[in-house]
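As given, the protein sequences belong to chains A and B, one line each in that order.
19 is the number of the first residue of the first sequence in our numbering; add one for each residue after it.
88 is the number of the first residue of the second sequence in our numbering; add one for each residue after it.
Where hints are given, some of them may not hold.
Straight-line C-alpha distance at most 25 Å; calculated DSS-like pairs for lysine-lysine [unchecked claim]:
hint : chain 1 : residue 1 : chain 2 : residue 2
1    : A       : Lys117    : B       : Lys142
2    : A       : Lys117    : A       : Lys87
3    : B       : Lys157    : A       : Lys117
I should point out that these hints are in silico values taken from the structure, not numbers from a laboratory.
So you can see what is in the structure, the chains are spelled out below.
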Amino acid sequence: AQSVTQLDSQVPVFEEAPVELRCNYSSSVSVYLFWYVQYPNQGLQLLLKYLSGSTLVKGINGFEAEFNKSQTSFHLRKPSVHISDTAEYFCAVRAAGNKLTFGGGTRVLVKP
Amino acid sequence: DVKVTQSSRYLVKRTGEKVFLECVQDMDHENMFWYRQDPGLGLRLIYFSYDVKMKEKGDIPEGYSVSREKKERFSLILESASTNQTSMYLCASSLGNREEQYFGPGTRLTVT
Numbered sequence: 019a020q021s022v023t024q025l026d027s028q029v030p031v032f033e034e035a036p037v038e039l040r041c042n043y044s045s046s047v048s049v050y051l052f053w054y055v056q057y058p059n060q061g062l063q064l065l066l067k068y069l070s071g072s073t074l075v076k077g078i079n080g081f082e083a084e085f086n087k088s089q090t091s092f093h094l095r096k097p098s099v100h101i102s103d104t105a106e107y108f109c110a111v112r113a114a115g116n117k118l119t120f121g122g123g124t125r126v127l128v129k130p
Numbered sequence: 088d089v090k091v092t093q094s095s096r097y098l099v100k101r102t103g104e105k106v107f108l109e110c111v112q113d114m115d116h117e118n119m120f121w122y123r124q125d126p127g128l129g130l131r132l133i134y135f136s137y138d139v140k141m142k143e144k145g146d147i148p149e150g151y152s153v154s155r156e157k158k159e160r161f162s163l164i165l166e167s168a169s170t171n172q173t174s175m176y177l178c179a180s181s182l183g184n185r186e187e188q189y190f191g192p193g194t195r196l197t198v199t
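Chain A on its own, in the form it takes in the complex (with noise of 0.2 Å):
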């Protein structure tokens, strides 16, 4: 069975500093991999996702995600962010079939 590894349950940073919060994956075969935002009292939205092709993937609101097959990682990056990016981040990912695993999710605090 895979699992889904995000290393930092809470994330406390400063306005305009940059930000990566860290997914680690097991998984032996080919993986869909996702960042999904949850937003105080609102459901799940993408961010972005890598499914094949370039190892760097650039999602909404700046942010961008890099795949390592080598380390199994799939850590999530802005170099800047504002208030409005604090909210819940989940790494999740996809082996086979629909069933997607999710990670147990990163608080980003961001501080003024």
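Knowing the structure of chain A, use the given hints to seat chain B on it.
Same frame as chain A, now just chain B:
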């Protein structure tokens, strides 16, 4: 825009009651999913369906059942609600294996 709606945002039920959570999507997606979200555990898959009247167990199906009589509607049923089913419930839909899942706003269920 894909829209996934859930029948209630907040629900309070008593132990032993039968509970129905409804989910409707308007994009003719084949796949529909029910997750529960708990702090630190991310999203865990309860059940999913890849076609009308078809269903498959997810990772935590115990205490739940589902119904999919029409393509656009996927219901989650708690036959006899218990306090450990207090959680946020999220519904999602997707078109195919490579496509992302679209999420509803969630139902926060409290069982007292």
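Hint-by-hint comparison with the structure:
With a CA separation close to 13 Å, the supplied pair lysine 117 (chain A) and lysine 142 (chain B) stays within the 25 Å bound. Taking the CA atoms of lysine 117 (chain A) and lysine 87 (chain A), the gap is near 20 Å; set against the 25 Å cutoff, the hint holds. Straight-line distance between C-alpha atoms of lysine 157 (chain B) and lysine 117 (chain A) comes to about 21 Å, which keeps the hinted pair within the 25 Å bound.
Taken one by one, the earlier hints all hold for this structure without exception.
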